[in-house]
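> Sequence:
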Amino acid sequence: MNIEITKIYKKWIYSILETFLLFCTLTSVVSASVSYDTFQNTIDVQNEQCINITGICKSIGNDSIIKSVGEKIWLVNACIHSDNSTIYINNSDVSELRLTGNIDKNRILVGYKERDIFRIHDVTITGWNGKSGTPEIVGGILLYDSELQDTVVKYSAAIRIYNNSIGDVSNLTIKSSSDLWIENLKDKKINNIYVQDGVPTSEGALYILNSENITVCNINVNKTQRSGVYCRNVSNSELYNISVSHAGNYLIPQTGHFGVVLSEGRNNYAHDIYINDTGWSSLCPQGNENNTLFKNITVINSGHNGVDIHPAKNITIDNISIYNSVSNGILYTGYINGQWADHIILKNAYINGRGILCGEAAKNLYFENITTDSRYFNIIDTVNATLINVTMNTYSPSPAYYVMLSQVFGYPAQNCTFIDSQIPILFSEDAINTKWINSKYDDHLTMDDIAIYYYSDIRIVNSTGIPIKSAKVKFSNEVNSSKGSVNGNGVEKTEFTLTNGKTSLPKESRENCPAVPAIYYTNKTEIHTHRVEISTPNGNVTYKGIIPDSSWYRPNPNIPTYTITAIIPDNSTGPHITGFAPAKENPFNSGEMKNFRVWIDEPLTSMEWRVNGSSVLKGSLNYTWTVTDRNTTIEFIGSNSNGTVNHVWPLGESPDEPSVPDDNPAQEIKFSPSDSEITLNVSEKTVFSVSPDVFTRKEWYINGYPIQNDTTSMTRCWSTAGTHDVTFKGAGSGESVSHNWTVNVVEEKKNDEESTESIISITPEYQIVKPKQSFGLDITVDPSTSIIGTQLDFTFNSSMASANSASEGNLFKQKGASTFFNEGDINSSEGTIKHIYGLIIGTSNVSSPGTFATVNLTAGNRTGIAKFSLSNVLISDINSKSVPYTIANASILIDTAPVMNAICCPKSVDEKSNLAFKISAKDADGDRLTLSASGLPEGSSFNRTSGAFAWTPAVGQAGVYTITFKVSDGYLTDFENVTVTVNKLNNPPVINFFEPINGSSFSEGERIGISVNATDAEKQALNYSIKIDGVMYSSDPAYIWETDYSSSGNHTIEVSVSDGIDEAKMQHSIYISECHPRYDVNEDGVVNILDITNVSREYETTVSKPYPRYDTNQDGEINILDLTLVGHHFGEKVE
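The sequence shown lines up with residues 64 to 1198 when you count with this note's numbering.
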């Protein structure tokens, strides 16, 4: 409209005049280095090497541009630009800096190049709406080579930091802002960053780009609509203690992006990461990220994939727990015609919910120690995958839990090897060269090109049963030469070298642990037999027709279930048994079928098998027995004209050879009294005991004579003084145990009788020492009479410590006398220092306590109790007579206390929300560690083996909980307290109605009533916000919008209601139509007397909606206000 154009033109002229006048005013008062740019609405600070906000304010001298609005609170109605200057914004003169931004509303603080420096710390920076006097996103922060520390930033667009910062980027709180963008950082730390309620415009709330050798730690991102932490082209760096929560909403996928992303970088280490609730995937190595290790990860509630490798290479993920992902727990994928996911290692993982998908374009994958409660593990379009100790737990028969090997894009699953794994159903549809090694499945659907392997356990002995340590074992498949033996990693290998008389167990050496195929499934089923050639320095043997079967399967890979004992025969005449199987140490389970067999070096004419003495089979070298009773004797007897052979399996008896140890170490046997030499009074009772009771034979001896049996404790006393030896001997499933106590029985002293015994004691320098630590033991003497000399032997456990020297103490030098000291003879292998002696030269003597000698030792590598004792003690009085004495021996603990690793977990959780993290510890000595927890809340769980803690607080469990996690190596402990605050579950406000209704239409000039009604279940005070087209207009529940003739078009009205914790929002769209100005009442294009008379004719009348045009102000009454409105525009033309 022409009249509108005329109005705009007038405003423009006025704006130019105002700007010109303001410029004239400013140029007369502003210094040359600080100026105000009216057109850009910026304060330009030029060539100032040191200036603060107070200095800028004084230079500008205009309260409409910059002024103090409170104690250290500043309002800047502009953007501040550093040009070759250093601007200090800190708590010396600023607590909060409010900025309205430049003319384009995209900057509030800006430096465009090097040397445009800001030094910002210990302040709050807030984007500000100068008109409403409320916070608003009005621009971003752009920093080059600047400092940003200990600062809160609110309502800012992107905060961008370029090039190397001054100091670290640390202690920042970013709220209601876009993102924190850091680029080209090197050799710095990004530390203690908290980002909340972010709406990023870049890749993530914390976006790090093109940086090298940095440390990113203690990052907490809470509520963002894009990724939490996104690192692009970041290399040689460490990230740890990262927490990302609510990056979107996992219940509404695509509302957010990722949790933590590393893309296009290399050589990074990311650990102790917690991610909960992402609108898309959570942990994402992608964009060809290379050679990066992820460790100690917890992922909960992913809107897509818990881990998304898409693609990357040389990635290791160790110790991860994944809960409740919408699509997949873990996805491996790449691009068929581009980069594949390559060389990916996943270890020590637990997946709950959705499963693992190795999808399009993945190769060289390695899985170890994986436990999953998910229903599937799909390997599709994948080449070379090895899975060791993968267990799929099942909880219901339907739907099925399965592993599927297949193809979608033309790459069948190829070279997949399963080792020591357990799954419910195997579905091998399109697969090439699958190996199934000592693994178990309950059922299968399709079997295509898959070979079933079992470990082969072979022991080699000579004719007298002594192991032959040096040998070679070679396997040959007698049915299909293309399916040969493999090692414990699934790598093809036909010859194995033995160094200890037996093939290796997986835990000893997978490289030297053989496995042979039993069955091969393709378009037909092949049952394989094998030839085994054994060569030793003592001779060679060959076995044919060895048939592995399911009885070879090992539930524990390190406990052989079927052992072949190879015997290298001597040169004697007659037939010889050159091998037998199984071994009597193998497990025999009721109902199981075991194939007993022998190998002979010449044909036999008679062969018989007996069970418990009764003949059960004749004419065969094999006998298959169905296990019924473990206490059974199986016997083979054979003969020919040259002689007879036989072999007996005494099942149930204690084996002559040591059994294969299990994964648990032998229990520690404890003896009481703990000292091996004790002193008792006549008639004094003492209890000798051994614990725990793990013995089948228990015997007690005194001075070599049997006294008692079938008990682990004995009470004794003696009626006369003397020395006695008490011995316990025990035997059971483990090694035999023997322990001896030397008991010195003495007459009890009367109360009024002065002691005539000297006391010689061992006093350790430390009660606890670390392995390989040096320490000293003082041998002290408390004389009962004057003495002039002492001799003794010192004994120590040579497996626990080694002796270095013995040096003279101050005992005989107390009066300044001359002395002679012999340091003794050290025998490290026997654990003794014999003939330690010292004496006074001359006529002096001593009667006061002192240190006779100090023995210097070094702790060994083992941990445990090290005992030290004295023997052959002789103390000389002044008449060269022996002095009675009492010995006090000593012991120390050799150990390094275990250390709890830092526990990375959220400090608070809402009721009905899942809290999960892992506890781990380390021990410098490599001791077996035991985890425990106390103060566990009701409903929580703690796995003492894996260290996994999980808890979903129920409604009503709000409060503060302190949980103590403890680790012990059997002697020493460490602990850490974790305090978790459970927040009471809050119900967000509910918007009951909101006017105007969605889709309403109005005309220009109408007054539009906006109102919202909301309730809160907890009856908390509610805060309101009414925005029109994104601009805040009111904080009340009602607002009247006075539209004018520039208001036409589509508009969005948004109301939000907050109880201080949660917020409810609602948007309505309305349309305001353009209309003819009402002051041109007759709509003839000109305002004149005809319009005035149209109004005057209806003067002092009332009308109702829809209001006629002569009610020009549309208030329902025709009065002077209507005439004034027409008169104000008299003479104007409207087109």
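Just so you know, these hints were derived from the structure itself, not from any lab.
You may find that some hints are simply not true.
DMTMM-like mimics (lysine to aspartate or glutamate), calculated; alpha carbons at most 20 Å apart, straight line [to be verified]:
1) Lys503 / Glu558
2) Lys532 / Glu555
3) Lys194 / Glu1137
4) Lys1168 / Glu1137
5) Lys537 / Glu555
6) Lys251 / Asp208
7) Lys1029 / Asp988
8) Lys570 / Glu665
9) Lys130 / Asp107
Since the model is a prediction, treat every value here as computed from it, not as a measurement.
> Hint numbers the structure violates, sorted upward?
Hint check: 1, 2, 3, 8 fail, others pass.
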